[in-house]
Amino acid sequence: NAGVTQTPKFQVLKTGQSMTLQCAQDMNHNSMYWYRQDPGMGLRLIYYSASEGTTDKGEVPNGYNVSRLNKREFSLRLESAAPSQTSVYFCASSRFGQGGSDTQYFGPGTRLTVL
Amino acid sequence: SQKIEQNSEALNIQEGKTATLTCNYTNYSPAYLQWYRQDPGRGPVFLLLIRENEKEKRKERLKVTFDTTLKQSLFHITAAQPADSATYLCALEGGGSQGNLIFGKGTKLSVKP
Numbered sequence: 001n002a003g004v005t006q007t008p009k010f011q012v013l014k015t016g017q018s019m020t021l022q023c024a025q026d027m028n029h030n031s032m033y034w035y036r037q038d039p040g041m042g043l044r045l046i047y048y049s050a051s052e053g054t055t056d057k058g059e060v061p062n063g064y065n066v067s068r069l070n071k072r073e074f075s076l077r078l079e080s081a082a083p084s085q086t087s088v089y090f091c092a093s094s095r096f097g098q099g100g101s102d103t104q105y106f107g108p109g110t111r112l113t114v115l
Numbered sequence: 001s002q003k004i005e006q007n008s009e010a011l012n013i014q015e016g017k018t019a020t021l022t023c024n025y026t027n028y029s030p031a032y033l034q035w036y037r038q039d040p041g042r043g044p045v046f047l048l049l050i051r052e053n054e055k056e057k058r059k060e061r062l063k064v065t066f067d068t069t070l071k072q073s074l075f076h077i078t079a080a081q082p083a084d085s086a087t088y089l090c091a092l093e094g095g096g097s098q099g100n101l102i103f104g105k106g107t108k109l110s111v112k113p
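Order-wise, the sequence lines are chains A and B.
Each residue of the first sequence is one higher than the last, beginning at 1 in the numbering used here.
Each residue of the second sequence is one higher than the last, beginning at 1 in the numbering used here.
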């Protein structure tokens, strides 16, 4: 099992450019998540998908869109990148999506710099 | 809104000692609390989950306590080793839709030989 995979690992964008971060999991998990991690801010939830076909906003959704393509894949799109979106992005998945009793499995992260 | 605090950004200890990390929360009564480990350049990795009716949970050299009266969890690593050096995150259920976790900012543990 590869677990949770993310592409790309690194990306540099110019302000205004768009890009899509890809995430896939091979654990047959129902729920998937996108976080961003910034120094001094910790992990903050951007969007999540409790199950295939559903998506919901997290704490910091502005400037992002997501697509739950199928049970395995959950992508994050930046339509018009801004320097404030410079961050490390983590995708995660969990088996049931049942609140605090469900552990999350994280991918290796994407380091995004917006100039 | 829920607030979770790990009141030490960094903790330095000597090899062989016990590391104790603290996680406090307010405005909430979670039924579960989780601890994760994060190494530089990597995603967090789950370590332990403790339920509100469990006072203590152990896994090898790790021990977690959960005091719902104090609204606090303590994370202990006994006989700490340099390989235990990492950032440790506590997380509790967000109270919103299913599956959400709120993470603390983490405590960076350094174990010196």
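Calculated from the structure, these hints are not laboratory results.
Any given hint might turn out to be false.
Unchecked claim - Ranges between beta-carbon positions, derived for each pair:
| hint | chain 1 | residue 1 | chain 2 | residue 2 | range |
| --- | --- | --- | --- | --- | --- |
| 1 | A | V12 | B | P40 | 19 to 29 Å |
| 2 | B | H76 | A | N1 | 41 to 51 Å |
| 3 | A | T113 | B | T78 | 19 to 29 Å |
| 4 | A | G63 | B | N27 | 37 to 47 Å |
| 5 | A | P61 | B | Q14 | 24 to 34 Å |
Unchecked claim - Derived DSS-like pairs: lysine-lysine, alpha-carbon spacing no greater than 30 Å straight-line:
| hint | chain 1 | residue 1 | chain 2 | residue 2 |
| --- | --- | --- | --- | --- |
| 6 | B | K63 | B | K112 |
| 7 | B | K57 | B | K17 |
| 8 | A | K57 | B | K17 |
| 9 | B | K105 | A | K9 |
| 10 | B | K105 | B | K55 |
| 11 | B | K57 | B | K105 |
| 12 | B | K3 | B | K63 |
| 13 | A | K57 | B | K3 |
| 14 | A | K71 | A | K57 |
| 15 | B | K105 | B | K71 |
| 16 | A | K71 | A | K9 |
| 17 | B | K71 | B | K55 |
| 18 | B | K112 | B | K59 |
| 19 | B | K71 | A | K9 |
| 20 | A | K14 | B | K105 |
| 21 | B | K57 | B | K108 |
| 22 | A | K57 | B | K55 |
| 23 | A | K57 | A | K9 |
A virtual CB, placed ideally from N, CA and C, is assigned to each residue, including glycine.
For K71 of chain A and K57 of chain A, compute the direct alpha-carbon distance and say whether it is at most 30 Å. holds (18 Å)
Is the hinted range of 41 to 51 Å satisfied by the C-beta distance from H76 of chain B to N1 of chain A? Roughly 31 Å apart at Cβ, these two residues miss the hinted range, so it is violated.
CB-CB spacing for P40 of chain B and V12 of chain A relative to the 19 to 29 Å hint: This hint holds: roughly 20 Å between Cβ atoms.
Using the C-beta atoms of P61 of chain A and Q14 of chain B, is the stated range 24 to 34 Å upheld? This hint is violated: roughly 44 Å between Cβ atoms.
Quickly compare the C-alpha distance for K57 of chain A and K9 of chain A to 30 Å and report which way the hint goes. holds (24 Å)
Hint check: K3 of chain B vs K63 of chain B, CA-CA at most 30 Å. Holds or violated? This hinted pair holds, its Cα atoms lying about 23 Å apart.
Regarding the pair K57 of chain B and K17 of chain B, is the alpha-carbon distance no greater than 30 Å? holds (20 Å)
Between T113 of chain A and T78 of chain B, is the Cβ distance one that fits in 19 to 29 Å? Taking Cβ atoms as reference, T113 of chain A and T78 of chain B lie about 40 Å apart, which means the hint is violated.
Is it true that the CA of K71 of chain B sits at most 30 Å from the CA of K55 of chain B? It holds: about 12 Å lies between the C-alpha atoms, which stays within 30 Å.
When you check the alpha-carbon spacing of K105 of chain B and K55 of chain B, does it fall within 30 Å? holds (23 Å)
For K14 of chain A and K105 of chain B, compute the direct alpha-carbon distance and say whether it is at most 30 Å. holds (29 Å)
Does K57 of chain A pair with K17 of chain B here, judged by a C-alpha cut-off of 30 Å? Given that 30 Å is the threshold and the Cα spacing comes to 43 Å, the pair is violated.
Comparing the model with each numbered hint stated earlier shows that hints 2, 3, 4, 5, 8, 19, 22 do not hold.
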